[in-house]
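If you want the building blocks of each chain, they are given just below.
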Amino acid sequence: MNPTTTTAGGADTAAVRRAIASTERPPRPGRLSTALTFGWRGMLKVKHVPEQLVDVTITPVMFVLMFTYLFGGAIAGSTSAYLQYILPGMLVMSVLFTTVYSGISLNTDLTKGVVDRFRSLPIWRPAPLLGSLLGDSVRYVVAGTVIIVLGVALGYRPEGGAVGALAALALVVVFSFGLSWVFSVLGLLLRSPNAVMNSGFMAIFPLTFLSNVFVDPTTLPGPLEAFVDVNPISILATASRSLMQGQPDGTAIVVSLAVAAGLAAVFLPITTRLYRSR
Amino acid sequence: MTTHAPLAIEATGLEKSFGATRAVAGVDLAVPEGAIYGVLGPNGAGKTTVIRMLATLIAPDAGSARVMGHDIHADGDAVRGLVSLTGQLASVDEELTGRENLVLLGRLLGLSRRAAKARSQELLEAFEIAEASGRLVKHYSGGMRRRLDIAASIVVTPRVMFLDEPTTGLDPRSRNQVWEIARALVAGGTTILLCTQYLEEADQLADGIAVIDRGRVIAEGTPGQLKASVGAGALHVRLLDPGRRPEAAAVLGRAVGAVELEPDPAALTVSCSDAERAATGVAELARAGVGIAEFSLGQPSLDEVFLALTGHMAESDHTLEEQAS
Ligand SMILES: Nc1ncnc2c1ncn2[C@@H]1O[C@H](COP(=O)(O)OP(=O)(O)O)[C@@H](O)[C@H]1O
Ligand SMILES: [Mg+2]
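Order-wise, the sequence lines are chains C and U. Mapping of the first sequence onto the numbering used here: position 86 corresponds to residue 86, and the numbering continues sequentially without gaps. Mapping of the second sequence onto the numbering used here: position 131 corresponds to residue 1131, and the numbering continues sequentially without gaps.
Treat the hints loosely; a few may be bogus.
[Claimed, not checked] Below are the DSS-like pairs computed for lysine-lysine, each with C-alpha atoms no more than 27 Å apart in a straight line: (1) K1117(U) <-> K47(C); (2) K47(C) <-> K1138(U); (3) K1138(U) <-> K1117(U).
Hints listed in this document are in silico derivations from the structure and should not be mistaken for laboratory results. As the structure is a computational prediction, the values presented were derived from the model and not from experiment.
With the hints as extra help, turn the sequences into a complete structure.
Structure (structure tokens):
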């Protein structure tokens, strides 16, 4: 043991003392800068945990392949005709699945105590939540792009061209910003990241199947068709399909955006309140 | 303790319930500036809840508190600007590298990109995590995580630091490192509120201790006063030759106090809370030519402190129902 400079454990006491002595508190950063710093954190996570991205895109990719080649002929007469129908819907499914991760990562922060650290900092309080949207949006765009590229590789041709495809992707991403607050609320209420994942997918899976993503609802029994018609996921899929086909369906687009705004208006305030008090 | 030193933390009548659980049932604290103040209590006593209220993470149901003169309720933002929290859970982001964690906090506290990087490097080196700085924190050992956690709390040196069970679950080496860091922080002028379950830890670090049980302060004083109130540490001696135990017992009985023979035929224990008396006892043994294999001066455990203070053993997670019955 050398009591003059180091402890038995080895932490360099002199360096620790210097490190402690050397700081002066800088002026507080602005709100935008704080939110952007949290955005940077979100991007780092995308970079470090790419498995997450694979996890969420693998299911829609499998669905595209399975439905196109297994059921395509039976449902639409030919695989290429079915791919033409299903792809815009798969874009919706792929990106919406990704929104569940907003809740999962928030819950991880909560259960690991990271939220406590952020909340004890002298920062603009909504910044962590707003900043996480930036990382989320990268995930949404990647998840959507994977499906579009896969579709094109399999022979899908958007009649609306690249512009139509990009417009559809943009619409779905904006819708996801609204939906992600629902999962953020779940993330703040449930006990573990796994619970968020399970309940999140339990909600979004049936909603996706009970939509017009896979089949034309006119073939369904009456009550089911009525539900499918008002399911927001159907409306979003219709809007996305219309954009990709180059014939924008104004009503579906406006309703999709309104639903997104409505979800954000209800669930964003609940999220911020829960975040502040948990 | 000096009573006229300015107070870093001043709490009166803090209360907090979670449903039927009265986690904190009226806690008063007066922590002088520049000290390490220990809050000692068993699991479930309410320590973390007290810290979470003082760090403005949760609002008390009743009572009030000031941190460096700022009211936690009315002026929470000013409080957050002066404190930092090292939570029970090592609150670092596992999906980021150690360096990224520190740069993130530097940026959030207002350092420029360059200053945040330089500061991170300085802390990583001082806390000996430089080598692992590029690895994701989820691959860190417990000790490294805890050091990173503390480093993250002093990216900008806080005036008041809350340390919640900083060494629970750590090996002795890492524990010593954390203690050394805490001492260096106080030497630099920071006030530390230390929650712990270990009397030894409070004894090593704290200038004053409040013992809490079931959400209430049940005793307060310096570590010396507390140990004296419990009345006993113990000198443990193991002899080279068990045959000489009667002789050793006689020597220690004269020099120190009441001797107890242990099941181990070479060992004996003398009740004693004074280190000098214990040293005299060991020296007397050596002078009598009794060979000693090892000796140690043990401190009363938290359990013994609790037994002495409350008449019951420290139990975990008391509920209101238990308390009422
Ligand atoms: N968020 C919470 N919800 C419900 N009960 C809680 C919560 N936080 C703490 N408690 C309860 O309050 C009591 C005190 O807990 P805590 O402050 O964590 O004690 P300590 O840190 O001393 O172990 C315990 O009985 C605990 O179960
Ligand atoms: Mg605790």
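Cross-check of the supplied hints:
1. K1117(U) <-> K47(C): Satisfied, since the Cα-Cα distance of roughly 19 Å is no more than 27 Å.
2. K47(C) <-> K1138(U): Status holds; Cα separation ~15 Å.
3. K1138(U) <-> K1117(U): 21 Å, holds
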